[in-house]
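Undergrad: Start from the sequences, fold in the hints, and give me the full structure.
Protein chains in written order, with this note's numbering: chain S, 5 to 427; chain U, 5 to 427; chain B, 5 to 427; chain G, 5 to 427.
Since the hints were derived computationally from the structure, they do not count as laboratory data. There's no promise every hint is true.
Which copy is meant is left open, so a pair is good if it fits within one copy or across any two.
[Said to hold, decoys possible] Listed below are the simulated SDA-like cross-link pairs for lysine to any residue, each with C-alpha atoms no more than 20 Å apart in a straight line: (1) Lys-369 <-> Ala-254; (2) Lys-424 <-> Ala-308; (3) Lys-424 <-> Ser-190; (4) Lys-424 <-> Pro-216; (5) Lys-369 <-> Pro-426; (6) Lys-424 <-> Pro-188; (7) Lys-369 <-> Pro-216.
Protein chains: 4
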Amino acid sequence: MASVPAFRAGDSAGELSGAWQQVRSLTERLAGPLSPEDQVVQTMPDVSPTKWHLAHTTWFFEHFVLQPNLADYPPFDERWHYLFNSYYYSVGQMHARNDRGLLSRPTVAQILAWRAHVDAAMQPLLERAEDDTELAFLIRLGLNHEQQHQELLLTDIKHVLWSNPLGPAYDEALPAPPAGPATPLSFIERAATEAPIGADANQGFCFDNETPRHRVALRAHALANRLVTNAEYRAFIDDGGYREPHWWLADGWGCVEAQRWQRPLYWSEDSTLEFTLRGWRPLVDEAPVSHVSFYEADAYARWAGARLPTEAEWEAAAADVPVSGNLLERGWLHPAPATQPGLSQLFGDTWEWTASPYMAYPGFKPLAGSLGEYNGKFMCNQLSVRGGSCLSSANHLRASYRSFFYPHQRWQMLGFRLAKDPD
Amino acid sequence: MASVPAFRAGDSAGELSGAWQQVRSLTERLAGPLSPEDQVVQTMPDVSPTKWHLAHTTWFFEHFVLQPNLADYPPFDERWHYLFNSYYYSVGQMHARNDRGLLSRPTVAQILAWRAHVDAAMQPLLERAEDDTELAFLIRLGLNHEQQHQELLLTDIKHVLWSNPLGPAYDEALPAPPAGPATPLSFIERAATEAPIGADANQGFCFDNETPRHRVALRAHALANRLVTNAEYRAFIDDGGYREPHWWLADGWGCVEAQRWQRPLYWSEDSTLEFTLRGWRPLVDEAPVSHVSFYEADAYARWAGARLPTEAEWEAAAADVPVSGNLLERGWLHPAPATQPGLSQLFGDTWEWTASPYMAYPGFKPLAGSLGEYNGKFMCNQLSVRGGSCLSSANHLRASYRSFFYPHQRWQMLGFRLAKDPD
Amino acid sequence: MASVPAFRAGDSAGELSGAWQQVRSLTERLAGPLSPEDQVVQTMPDVSPTKWHLAHTTWFFEHFVLQPNLADYPPFDERWHYLFNSYYYSVGQMHARNDRGLLSRPTVAQILAWRAHVDAAMQPLLERAEDDTELAFLIRLGLNHEQQHQELLLTDIKHVLWSNPLGPAYDEALPAPPAGPATPLSFIERAATEAPIGADANQGFCFDNETPRHRVALRAHALANRLVTNAEYRAFIDDGGYREPHWWLADGWGCVEAQRWQRPLYWSEDSTLEFTLRGWRPLVDEAPVSHVSFYEADAYARWAGARLPTEAEWEAAAADVPVSGNLLERGWLHPAPATQPGLSQLFGDTWEWTASPYMAYPGFKPLAGSLGEYNGKFMCNQLSVRGGSCLSSANHLRASYRSFFYPHQRWQMLGFRLAKDPD
Amino acid sequence: MASVPAFRAGDSAGELSGAWQQVRSLTERLAGPLSPEDQVVQTMPDVSPTKWHLAHTTWFFEHFVLQPNLADYPPFDERWHYLFNSYYYSVGQMHARNDRGLLSRPTVAQILAWRAHVDAAMQPLLERAEDDTELAFLIRLGLNHEQQHQELLLTDIKHVLWSNPLGPAYDEALPAPPAGPATPLSFIERAATEAPIGADANQGFCFDNETPRHRVALRAHALANRLVTNAEYRAFIDDGGYREPHWWLADGWGCVEAQRWQRPLYWSEDSTLEFTLRGWRPLVDEAPVSHVSFYEADAYARWAGARLPTEAEWEAAAADVPVSGNLLERGWLHPAPATQPGLSQLFGDTWEWTASPYMAYPGFKPLAGSLGEYNGKFMCNQLSVRGGSCLSSANHLRASYRSFFYPHQRWQMLGFRLAKDPD
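TA: Following this line, the structure appears as structure tokens:
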């Protein structure tokens, strides 16, 4: 895991060409430690096989960039479009999401050949994008899309390997995050204010769901200085947290009972080990708890006499904080104890559940055409999560960046921070 | 269906006694047209049998009011508490919601005897409540709770009767709503403002989820003067609305495909008839469309180049409007065409889907104790609906009243109104 | 439960008229202790509501006897045919079996009126049948069909009442079966032989699945003198029988794990009580075990170093035994300890699982027309059971009588007897 | 697909050593055309991944032969036993059958290394078996077991490839079966007799379920000279066979409706193409219909005024017929038109559904110990099938050989032959 050169998707076209090379090759490097067999498996509907990610990100460029912009571009295999379209109905029908693991073909080697074919075909367009801001945006969008799938590739293969009783590691040679105590928990008070929230589409690349930028009134509140740790979360478990409906939302309790949840997803039954991309490892008390659902985060917060922050509270706090921390570039691929003073761990380590349903900002307009299906159609039943994780590239994140998951989902690198109202 | 004398739950204790008599007897009158057989059936998990409603509302008083406040009160049958607790985990375990239709006992006659037993036992408490505001609140809460179940009783039995190939009417003798044209559709512009939203708990009865009252910034927008009609909705169907994923949220399209939705719940396959509490009746073009899900309302709005209002927009518009219209007292038990000028149908006819996820207001505190389970634990995955319906009692509603349903639910009396942003 | 006069369905037409009155009125007497609410509920797909049995048996006569044979017979309500056809596809479509409990209408009173209407209309046909053997057969078939539903009515309502946490009795006033020790278990040796099996359709009424009569070679074997008792079965449980896959057929073990079976269907968790038509009662050690599946009977037999008898072995042993024992007429409605010397409990107490898949006898021809759907189309995946139960009418049974159930089914009055091969 | 030297498992130990080499290497040759990705996928619970077959057959030898018989044998990886035990509960717990496709590790290469390790370790045991008939039997059992999995490997990968919208071939270079007309259909009369059925365990290798040899009385009947063809089966479809419940067993009709069956498993929607191991190919009218369930075979037979043969009728007819025909050695891997006079296609082409439930022969004793789980515990809910298929090795079959499938299963190479009773 060599480091990834910084890339601002909103940067100049010269940098776009470099970014192309870096992002595309990183995807393949991330798949590098995996056998062809590893790249086929889908362990549940949320998970996609590694080779599906390799192919889908390539389909995105072939379909949305090459075919509309290169008159005589020969698609590598037209039949594959059906297989690797994810959810763009306006583009045509698609293979069922739940059946992605039933596809042994195309093989990994065939998909890598497709990637090379597309990489070669893109070269003239990368040049043309110097004078074509619309084309440049499309390519930037595709690269940011591919970066999202880089994180999914890692979280999905983690689930695949964990599902195997042999518990194989993604890469035994990954460096261990440093051990050591976490910064003590404290709450940082934040005065009432009216904060600007969201991104200005003219100020560098952003997704449509971050727009329009608008002002939000915030009440006085306090934010925890860091993420909740494994040790803190274990106290909730030890206090009977998973047996007491009082702490849970009704739908959350339904999940606890139906799924028989008793601890975070990747903890061993005795709560001493945790499955990581380095395989089963001793659970580090001081590291942030990860792979918990919104329901668990929300129940913990209630038990702790606190609540989750809203996404506006989070964004206002992160607005002037540089995007740095335990991110993909650091190469640990696992959360690590907080060591910085002040408000820390805003970026990296784990995505942070917020209390905010993921919905359109006032006046939101999705992208025109098929790409309008990218974000807007998911604005129901999900919660906003913020800040990226140890599996996110630094140049992919922003304070205004919104990702979103269903409240029961745990397979992503998801943790949380507490907030409090004034007494 | 004689009319129900007006009752403000926040009124004086003298009126509480009268309200008791009126609300309790109305529940029994609503069950009046039904045979014992009708009162047993549960056609899907969302539906409860009529006799379950008769019993559960009585359990509420026995458990939350009589047992804590009458030292020597003898419960009618302690074993029934397990059967008729709905979801109050802090009070004990309960019978599975999905299995309510498996219970032939207690019989309707036994449950009516229980109701009489509780009614008699409540008399001294109704007197004592004159000097005990906490007790008075509890009783008011129980009566409002029972009014909610009156509406559920009607919507649930409607589903039961509709599920029967014989299509029997709840009451053939119900008066038909008047026919005739609806007021033409127009949009009423509303300037940007900062509006007070929610209820002040010290100003008459309200539910905890309406508090605290707080100010919300609203952008300029326009609200439709009335609800969307059957004829308007049919144009969406005729335009292929149920075959075109473009109009739908992703989860909504999933529902359309899984449930094979092609029209509102109670329409006949040829879209000429509608199942009502008077049985199958010709569909009235000018009446509001009803029994549609949030997904359908949202898809229609997108198709129509509009959107759904937020709950704050709705409440700001309704704040000074008296609670009147096609409500339970009118006795039609079915939506009717809009006939009033200006902003109409805010109260009654159908509940209105809003674009707002049902969530806590800033600084929300649930009721103390077990009754804190009443509302707060549902603040996830549901949408706020507003305004009541033709099955709601007038004295049960307020502009700040929030009900809530999952986006896929259709068995309630649910319709919608359009909103628009300025161009 | 007054006793039922003897009725041989193959008797003369004069007796047919008496039989009509007796069978039809017995059905209504069996429903007598039940409230209308009791008669609506369906607790699982195998169970039908009481009022469905009252109606379906009446539909059988209206459809198969009255309409073809009485030119101007007015059906009571043609729409009900769709509701109460069970599985005769050649007659038309039918209401889904799983949804029988969703029907509140027609009410019990309406169905009883239908019964009276049909009873009256049948009078001329009962007379005409004196000279019309085909008509007489049809009526006899209908009466035997109704007798089958009498037993189902009792086993189905038992499941309904058991599913209710209140555990109400069908009839508290039923007499208790006598207590006391069971005859000691012994094995009666039976020499190799070639036995005639099945019924001769010209020798009194029989079902088509008992024909043709044919010879079967039987090897030497031994049959247990009586049914396996509760105490004997408990020893299997205490020996870990439900935790040891070794004793079970593969599909049986699948059931044990999926259904978490740990004991017979109606035993209390501590194995001290049993649910009966008189409600929860102490488990009687010496009485036959009942409400066990084929899988459980088969596993027990393997554990006991024995096997189940084949249906031919059973029939050869029962061929000359009079149909008497603990049958419906005795009025206990529950199995009782064996007290007779020799081969006992062949008829009554519980149906006996055999090792024989239910299949066509060599040369089998189903009844012509729609009634050919009565038996033949179930000749797959089921096992033959023999001998009737304490819920069967004596005049309904014969040594050649074959009933059949799926190997996982337990809600019927099902027990078993052991057999052994010579060492 | 080179031909496989003849191997009688009951032959002398010298031949055992040769058989070992031939059977084990054939398995690997059968997996030869497949990529690692192909070997991972499980498309439904009935299907196992190719690499699972490679591993499971090897586990069988490691667990049942090497560990008990080679004192210092080091298991290759003890943890793999949990993964590759199929259903031998007496040996320990096992990985869930439905989850076999979730295992990316061990990889194909690791499993092939395991196979080589076991092959090497077996050499001394193959020598020792010259003087140890019990050990020789165990090895023969393991080789016959592996031959069963060779057929499963092919039928499972066929399902995997068919499930892929790309429809890739297992091996495009396979020879096409010869085209041309089929022998005309005729019925060969067979007189009543008492036939010896089953195998004598002392006369060469057989499975326990073929014993004991016993006599069965057969009535006069007639057997079709060949298998039912695609053209004949299509006439049933064209006559509305899949829309008419009259022809079907009740459970079969349930399957037709639930699974929406309209044609054999691997036919294209327009009934012109068939998926084969050479990919999609024109359907050959004269070839035997294959990949039909028992329910379809039974319904077709009823429609055709015939029935399926019993397994005893089949075996009596096949008793003196040499095992030859369109078998694995021929290398077509697909059924071909009948060309021989007289009773043909008894062996090879497709397995033949019989009317006989798969059950124990009178006096059946399963193998002692864990291997008793091999066959006996499946003697419920399945039907006997006979004669092997174009995917079976000739030296694996016998007239007394019984395989068995559930009546709804279609993914195996299953067809059928008609039988008739005398008029």
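Undergrad: Tell me the hint numbers this structure goes against, listed in increasing order.
TA: Hint check: nothing fails, all pass.
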